[in-house]
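According to our numbering, the residues represented by the sequence shown are 737 to 960, in order.
Just so you know, not all the hints are guaranteed correct.
[As the list claims (entries may be wrong)] Okay, the calculated beta carbon distance ranges per label pair:
1) Ser811 <-> Gly900: 27 to 35 angstroms
2) Arg945 <-> Arg787: 38 to 46 angstroms
3) Ala916 <-> Ala860: 14 to 22 angstroms
Hints are computed from structural coordinates only; laboratory data are not their basis. Glycine residues also receive a C-beta, built at the ideal position from the N, C-alpha and C atoms.
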Amino acid sequence: MSGRGRLAKGRSQLPGGNGPPHPASAAQTELDDRDRIIDAALACISRRGWRRLSLAEIAGGAGVPILRVYRMYHSKSAVLCGFFRRIDETVLAIPLDSAPDERPRDRVFDLLMRRFDALTPHRAAIERLSRDLPADPLAALAAGAGLLRSMRWMLEAAGIPGEGLAGIVAVKLTAAAYMATMRTWLRDESPDLAPTMAALDRRLRGIERWYGGGRRDREATAST
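Please build the complete structure, drawing on both the sequences and the hints.
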C-alpha cells in the first residue's frame with residue numbers, strides 16, 4: 737500500500753455502478769498509482785540495478801498496465817525525478833519550526849536531515865543508483881537537474897532566495913554539500929545518524945556565507 741493511502745472504490749467503480757468515478761476518487765487513484773510505480777521502480781533498482789531496469793518491469797511490479805506508466809512518466813528518468821519530487825513533498829509538508837534568530841545554515845541543516853530521514857527506507861536503491869547512474873549520462877543529467885531543483889526548494893523553505901547569481905551559487909554549493917554528505921549517510925548505520933549530522937554540519941559551515949542573512953531574517957529585521 738502506498739504512503740498516501742488508498743481511497744476506497746466508490747459504487748460508480750463497481751460492476752453495475754452508475755456514472756464515471758468521482759473526480760476526487762480519480763485524483764486519489766492517480767496519486768496511488770504514481771506511488772506504486774515509484775515504489776516498484778525502487779524495489780527493482782535495489783534487486784537488479786538501474787541499467788537492467790525496464791519500464792515493463794516497473795509496470796509489472798506496480799501491478800498497473802504499461803500504458804499507465806507511459807501516461808504518467810514516459811521514461812525511467814521521469815520515474816526517478818518523480819521520486820525526488822515525492823521526497824521534496826515529504827520534507828516540505830511539515831512547516832519549519834525555527835526561532836526568529838536561528839541561523840539560515842541551521843534551517844538548511846534541519847531540512848536536509850529531513851531528506852535523509854525520508855530516504856532511509858530506500859537506502860539500498862540509493863546506494864545502487866550512486867553506482868549505476870554515472871554509466872548512464874542522460875539519466876545522470878536528469879537526476880542532476882532534479883537535485884538542483886530540490887535544493888532550490890530547500891533553500892526557499894529555509895528563507896534563503898534561490899534566484900539571482902548568489903542564489904544560484906548557494907543552490908549549487910548546497911547540492912554539492914548534500915551529495916558529499918550522502919556518501920557518509922550511505923555508510924551510516926547509527927540509530928541517530930550522528931556521523932551524517934556531523935558531516936552535513938561541517939560542510940554547511942563551509943558555505944554558509946552564501947546564505948547571507950536569509951529572506952526570513954531580513955523580513956524580521958524590517959518589521960522591527
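Legend entry - Contradicted hints - numbers only: Of the numbered hints given earlier, the structure breaks none, since each of them holds.
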